[in-house]
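Throw the hints in and build the complete structure from the sequences for me.
If you read the protein sequences in the order shown, they are chains A and P.
Every position in the first sequence, counted from 1, becomes a number in our numbering once 1 is added.
Every position in the second sequence, counted from 1, becomes a number in our numbering once 60 is added.
By construction, these hints were calculated from the structure, which means they are not laboratory data.
The model shown is predicted, which means the values in this text are computed figures rather than measured ones.
There may be inaccurate statements among the hints.
Unchecked claim - The calculated lysine to aspartate or glutamate pairs, modelled on EDC-like cross-linking and capped at a C-alpha distance of 16 Å, are:
1. P:LYS108 <-> A:GLU94
2. P:LYS390 <-> A:GLU57
3. P:LYS243 <-> P:GLU204
4. P:LYS337 <-> P:GLU317
5. P:LYS243 <-> P:GLU350
6. P:LYS108 <-> A:ASP17
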Amino acid sequence: MISMKNELVAIPVFQDRISPLLDVANRFVIFEIVDNEISQKMIVNVHADCERLRIEKLKELGVSVIIGSAVSGFVSHVISEIGMRLISWVNGEIDDVIDLYIKDALNPSNSEASACGHGMGRGRCTGKNRRKRVYKNKINEEKNENSDNK
Amino acid sequence: MSDQKIKSIILDSIADGVFTIDMNFKIMSMNRAASEILGTVEKDALGKMCFEMFHANICEHSCALKETMLTGRNIINKTIYIVNSRGDRVPISISTALLKDEKGDIIGGVETFRDLTVIETLRKEIESNYSFEDIISKNREMHELFQILPDIAESESSVLIEGPSGTGKELVARAIHSLSARKLKPLVIINCAAVPDNLLESELFGYKAGAFTDAKKDKPGKIFLAEGGSLFLDEIGDLSLTIQAKLLRFLQEKEYEPLGGTSMLKADVRVIAATNKLLVEEVKKGAFREDLFYRLDVINLRIPPLSDRREDIPLLVNHFIKKYNALKGKHIEGVSDDVLNVLMDYNYPGNIRELENIIEHSFVLCRESYIQNVHLPRQLRSGGLPIDSKLTLADMEHIYITRALEKHEGNRTQAAQDLGIDTSTLWRKMKKYNIDYTAS
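Structure below.
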């Protein structure tokens, strides 16, 4: 049973993938999720002098969940102190990750950091969705080529 | 055994982490140390994007491998940090180079890295032995001072602290006060150079209502406010002879008369004075009273300039980084090796205060974890000397030669090597510019 999600989720982005380190990331994709559907997607650049201010700016935008890759203990603490939920140690393409998150398939697994109880954990994007999308894109490209030939 | 196997054994035997990437930044190989530091195994890492395994603070904004692959320049010993699976920031030193095939074509990049955690822990442990009250130093002269400060504090004698501006004379005064039996009473500070002479008398001794036109009611002076505690007279060498006479009387009699007062007031105040001038010279010139000098100079402490205690620069840099991290809510880990070299080479005419200003300036510009050259003030980025358009080539030569001699404590052979000239050329230039440097 998939839980119903109505929230703003921020994912730090680097080359269409999750940024390697949340501590220094300043470009985020924010997804608005309404009834388990992405209703809006926007990219924001968050510049601030320190990590806390950067996270606070996301909070001000209404973000309640951050999905990131590596996160230091210090920044994890800041996020939980501000009252946001963090899912860490997730790698992969942003669109795959948000799909898996909506489907509750982003399983926190063996991260030692998950012991803190703030939803942190090592979620891995399995790549299944990526393969599906690549296949879809391939079909679309072939369709476009065919229509061009015609 | 094949060459490939031998190379693999060698790579797995070294303590430094090594990994290679292809032109698309995908990991091609990784040695055992790299797997251990990154908390992964080679087979899981192969084919993955390097930034998804490395999680370093520079991956996204200033990737060292990318820079090497774009420019062809190797990067050597750049200090950065990675975040491990426990969420610890692990300081590491990285070096990068191009990876080429047998034909010399670039096929990717190689990065080696070294865990600095143990070194950092040891450094912090060692540094903890180098502070006394709020004074930080590992300089021998300063450590001698640390040893005698408690005894000085216990005595009731006047103290004269001499040393150039920005060396921390006020910190020494504060240490003396806080180690003394007067520590629960106030330490009142007055900068004699910052108060106009005509106001200094009323600031020190206070005044009675009606003493002058605007004196509507009594105002206590600094001496009164310091009752039972200590009075720190900074820049005492700038006192006028008139005030000197009144201060001498106070030191002799432990009594003073506020402006417009009719009776003497008793005071129990210990005087600590400081100056950036050589008071003996001022006495010789007649600018400072000899009798006052001897009253103040019961205990004389000399604080060396920062250029004479260069070993303290790394400690002080770390101290100021901690301070500004707390003040500005940042999380800067340190300075890069290049920056530390620049800071170690600089002469600091403004002493520790100038070093603090440099760190504060760098904090404003630094959005990374380590302060880099570009974050330093301009005069340091251009090699440690302010480029003044009024300086001639001869002036610059004079400055550089003097600086090299100071750095090597008068050793002409080493100074010549540093300057990239022959010792005979150095001798000739010293004669030409009339430089007669003798190590102190």
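Given the proposed pairing of P:LYS108 with A:GLU94, does the C-alpha separation stay at or below 16 Å? 13 Å, holds
Is P:LYS108 close enough to A:ASP17, meaning Cα to Cα at most 16 Å? 15 Å, holds
P:LYS243 paired with P:GLU350 [C-alpha distance capped at 16 Å]: Distance of about 30 Å is beyond 16 Å: violated.
Below or equal to 16 Å on CA atoms is what counts here, so check P:LYS390 against A:GLU57. 14 Å, holds
Holds or violated: P:LYS337 and P:GLU317, Cα atoms, limit 16 Å. 29 Å, violated
Run the distance test for P:LYS243 versus P:GLU204: straight-line Cα separation, threshold 16 Å. Since the Cα atoms of P:LYS243 and P:GLU204 sit roughly 22 Å apart, the hinted pair is violated (cutoff 16 Å).
The structure fails hints 3, 4, 5 (numbered hints given earlier, in ascending order).
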